[in-house]
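Trainee: If you're matching them up, the sequences are chains E and R in order. As numbered in my numbering, residues 160 to 376 make up the first sequence, in order. As numbered in my numbering, residues 144 to 355 make up the second sequence, in order.
One should not assume that every hint holds.
[Unchecked claim] Restraint ranges, calculated between C-beta atoms of paired labels, are given here:
| hint | chain 1 | residue 1 | chain 2 | residue 2 | range |
| --- | --- | --- | --- | --- | --- |
| 1 | R | E277 | E | S287 | 25 to 33 Å |
| 2 | E | F229 | R | E256 | 55 to 63 Å |
| 3 | E | G271 | R | K324 | 38 to 46 Å |
| 4 | R | E277 | E | N310 | 25 to 33 Å |
| 5 | R | D161 | E | K366 | 56 to 64 Å |
| 6 | E | V368 | R | Q273 | 16 to 24 Å |
| 7 | E | W209 | R | G280 | 43 to 51 Å |
[To be verified] Among chain R residues calculated to face chain E with C-beta under 10 Å, some are:
| hint | residue |
| --- | --- |
| 8 | R188 |
| 9 | G192 |
| 10 | E207 |
| 11 | F208 |
| 12 | D226 |
| 13 | F227 |
| 14 | N228 |
| 15 | L229 |
| 16 | M236 |
| 17 | M245 |
| 18 | V246 |
| 19 | A253 |
| 20 | G280 |
| 21 | G281 |
| 22 | Q282 |
[Unchecked claim] Computed cross-link-like contacts, BS3-like style, restricted to lysine-lysine with a CA-CA straight-line distance of at most 25 Å:
| hint | chain 1 | residue 1 | chain 2 | residue 2 |
| --- | --- | --- | --- | --- |
| 23 | E | K294 | R | K146 |
| 24 | R | K295 | R | K146 |
| 25 | R | K206 | R | K252 |
| 26 | E | K282 | R | K351 |
| 27 | R | K318 | R | K341 |
| 28 | R | K251 | E | K294 |
| 29 | R | K200 | E | K282 |
| 30 | R | K252 | E | K294 |
| 31 | E | K282 | R | K252 |
| 32 | E | K282 | R | K341 |
| 33 | E | K282 | R | K251 |
Think of the hints as simulated: they come from the structure by calculation, not from any bench. Since this is a predicted model, take the numbers as computed values, not measurements. C-beta atoms are modelled at their ideal positions from N, C-alpha and C, and glycine is treated no differently.
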Amino acid sequence: MLQYISEILPSLLSGTVMTLKIFFWTLVASLPLGILVSLGRSSKFKPLSWILSFYIWVMRGTPLLLQLIFVFYGLPNMPFFHIVFERYDAALFAFILNYTAYFAEIFRGGFGAIDNGQYEGAKVLGLSYWQTIRKIVVPQVVKIVIPSIGNEVINLVKDSSLVYVIGLGDLLRAGNIASSRDVTLLPLVLVGIIYLLLTLVCTWILKVVEKHYSYYR
Amino acid sequence: MLKLENITKSFNGTTILDQLNVDVNDNSILSIVGPSGAGKTTLLRCIAGLDRPDSGKFILDGKEFDPADDSDTEQIIGVVFQDFNLFPHLTVMENVTLAPTMVLKQDKKAAQETADSLLDELSLASHANQYPFELSGGQKQRVAIARALAMKPQILCYDEPTSALDPSLRDAVGKVILDLKKTGITQIVVTHDPEFAKNISDQILEVKPINK
Ligand SMILES: Nc1ncnc2c1ncn2[C@@H]1O[C@H](COP(=O)(O)OP(=O)(O)OP(=O)(O)O)[C@@H](O)[C@H]1O
Ligand SMILES: [Mg+2]
Chain E
160 MLQYISEILP SLLSGTVMTL KIFFWTLVAS LPLGILVSLG RSSKFKPLSW ILSFYIWVMR
220 GTPLLLQLIF VFYGLPNMPF FHIVFERYDA ALFAFILNYT AYFAEIFRGG FGAIDNGQYE
280 GAKVLGLSYW QTIRKIVVPQ VVKIVIPSIG NEVINLVKDS SLVYVIGLGD LLRAGNIASS
340 RDVTLLPLVL VGIIYLLLTL VCTWILKVVE KHYSYYR
Chain R
144 MLKLENITKS FNGTTILDQL NVDVNDNSIL SIVGPSGAGK TTLLRCIAGL DRPDSGKFIL
204 DGKEFDPADD SDTEQIIGVV FQDFNLFPHL TVMENVTLAP TMVLKQDKKA AQETADSLLD
264 ELSLASHANQ YPFELSGGQK QRVAIARALA MKPQILCYDE PTSALDPSLR DAVGKVILDL
324 KKTGITQIVV THDPEFAKNI SDQILEVKPI NK
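The shape of chain E in the complex, shown without the other chains:
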């Protein structure tokens, strides 16, 4: 059995790399985008706020799986202009769009929790809007939203397996292929273990981050 494991492990690991790539780039892009979208949504410029609310509504109200299929199979077949993505780009695009919406919603709650006195304190000291957002507001929002962001991050590890549907070679696909080829459940068990390890590492990192932010109350 050990020998079998060592035979399939390389393909599982390369699937893991794909999973991690999607995970990593989705986070890197959608966290800052989520902040911008949530700020834009509360903008006084109404059209911007409406468009962003609509976008968040659509992204949160439809399955990620549907969005993924739509981006990869749907966009190239649009009537007037065709947008064709590579599989990997399509996956990233759909994930970033989706997660930005979720993060924006979480950040909105965080921004709402900041007392108006913080903005006024900054204003009378002469700080500009962006200086206030960057130096005063966002650092405090981050502390507030870490637990909710943490849940989404764990979800993202698992959601990344949805790329399977557009034929991207991620961890789940690698396990599935080995499992049906060799008619054994073992690869799927291994896949499960790898996912568990990944979520475990995420949970641990979140704990560390949370601890880091406990320096003030």
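Using the hints, position chain R with the ligands against chain E.
Mentor: Relative to the frame of chain E, chain R with the ligands by itself:
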């Protein structure tokens, strides 16, 4: 000299301040007293540029200015809020040096030296590296004063500086305010407490609620 001319402010059709006039001499202390709801905080917020009066003028040394306009880097008005509004995620030192470095573009070292001497004068030197949640109410208030002073405002405003403090601390703020007067700054103090006002002020403005 700061001159307020015909300051009028209403909220949702209710007039709070009606044609208010007052002159504040340089290097003096003006107290604003009056019952709750009279509009003391509202007046202070207009002076600080946080609210805009519906009409009226602010004139400093003969020149009209707009407190709400913050394009000017030079600080005219500093504010010590009733609940201080310290930045909880920054240390005392960072609270005091943030604006001088970001707004006045002082280099970090110069800002820290100024902060050090301010904290020293306000007996906060040993708290420089603590966070606001680790401080008592009186200490937080002095941090708020140091933070405002670091911007070298010409006029420093306080909203109810004694409300969060017990009587012995009340005298301590009074002393801080009188000591600051010696440094040449003009101060405007909103308070409920007529006795406190009498002890510190050169001039008292009574704001009365407007009866409709
Ligand atoms: N943003 C606002 N919107 C509507 N009404 C307001 C607003 N701010 C203040 N008011 C009203 O203006 C009046 C004066 O309020 P203000 O806070 O200036 O009183 P104050 O003299 O500071 O009272 P206190 O001594 O209780 O602090 C109150 O009736 C209050 O309800
Ligand atoms: Mg008040």
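Trainee: Each hint needs a verdict: does it hold in this structure or not?
Mentor: Going down the list of hints, with the structure as the test:
{"no.": "1", "hint": "R:E277 x E:S287: 25 to 33 Å", "verdict": "holds, 29 Å"}
{"no.": "2", "hint": "E:F229 x R:E256: 55 to 63 Å", "verdict": "holds, 60 Å"}
{"no.": "3", "hint": "E:G271 x R:K324: 38 to 46 Å", "verdict": "holds, 41 Å"}
{"no.": "4", "hint": "R:E277 x E:N310: 25 to 33 Å", "verdict": "holds, 31 Å"}
{"no.": "5", "hint": "R:D161 x E:K366: 56 to 64 Å", "verdict": "holds, 58 Å"}
{"no.": "6", "hint": "E:V368 x R:Q273: 16 to 24 Å", "verdict": "holds, 23 Å"}
{"no.": "7", "hint": "E:W209 x R:G280: 43 to 51 Å", "verdict": "holds, 44 Å"}
{"no.": "8", "hint": "R188", "verdict": "holds, 9 Å"}
{"no.": "9", "hint": "G192", "verdict": "holds, 7 Å"}
{"no.": "10", "hint": "E207", "verdict": "violated, 20 Å"}
{"no.": "11", "hint": "F208", "verdict": "violated, 14 Å"}
{"no.": "12", "hint": "D226", "verdict": "holds, 6 Å"}
{"no.": "13", "hint": "F227", "verdict": "holds, 8 Å"}
{"no.": "14", "hint": "N228", "verdict": "holds, 3 Å"}
{"no.": "15", "hint": "L229", "verdict": "holds, 7 Å"}
{"no.": "16", "hint": "M236", "verdict": "violated, 14 Å"}
{"no.": "17", "hint": "M245", "verdict": "holds, 5 Å"}
{"no.": "18", "hint": "V246", "verdict": "holds, 4 Å"}
{"no.": "19", "hint": "A253", "verdict": "violated, 17 Å"}
{"no.": "20", "hint": "G280", "verdict": "violated, 15 Å"}
{"no.": "21", "hint": "G281", "verdict": "violated, 18 Å"}
{"no.": "22", "hint": "Q282", "verdict": "violated, 15 Å"}
{"no.": "23", "hint": "E:K294 x R:K146", "verdict": "violated, 34 Å"}
{"no.": "24", "hint": "R:K295 x R:K146", "verdict": "holds, 20 Å"}
{"no.": "25", "hint": "R:K206 x R:K252", "verdict": "violated, 34 Å"}
{"no.": "26", "hint": "E:K282 x R:K351", "verdict": "violated, 29 Å"}
{"no.": "27", "hint": "R:K318 x R:K341", "verdict": "holds, 13 Å"}
{"no.": "28", "hint": "R:K251 x E:K294", "verdict": "holds, 15 Å"}
{"no.": "29", "hint": "R:K200 x E:K282", "verdict": "holds, 21 Å"}
{"no.": "30", "hint": "R:K252 x E:K294", "verdict": "holds, 19 Å"}
{"no.": "31", "hint": "E:K282 x R:K252", "verdict": "holds, 24 Å"}
{"no.": "32", "hint": "E:K282 x R:K341", "verdict": "violated, 31 Å"}
{"no.": "33", "hint": "E:K282 x R:K251", "verdict": "holds, 21 Å"}
When held up to the earlier numbered hints, the structure conflicts with 10, 11, 16, 19, 20, 21, 22, 23, 25, 26, 32 and fits the remainder.
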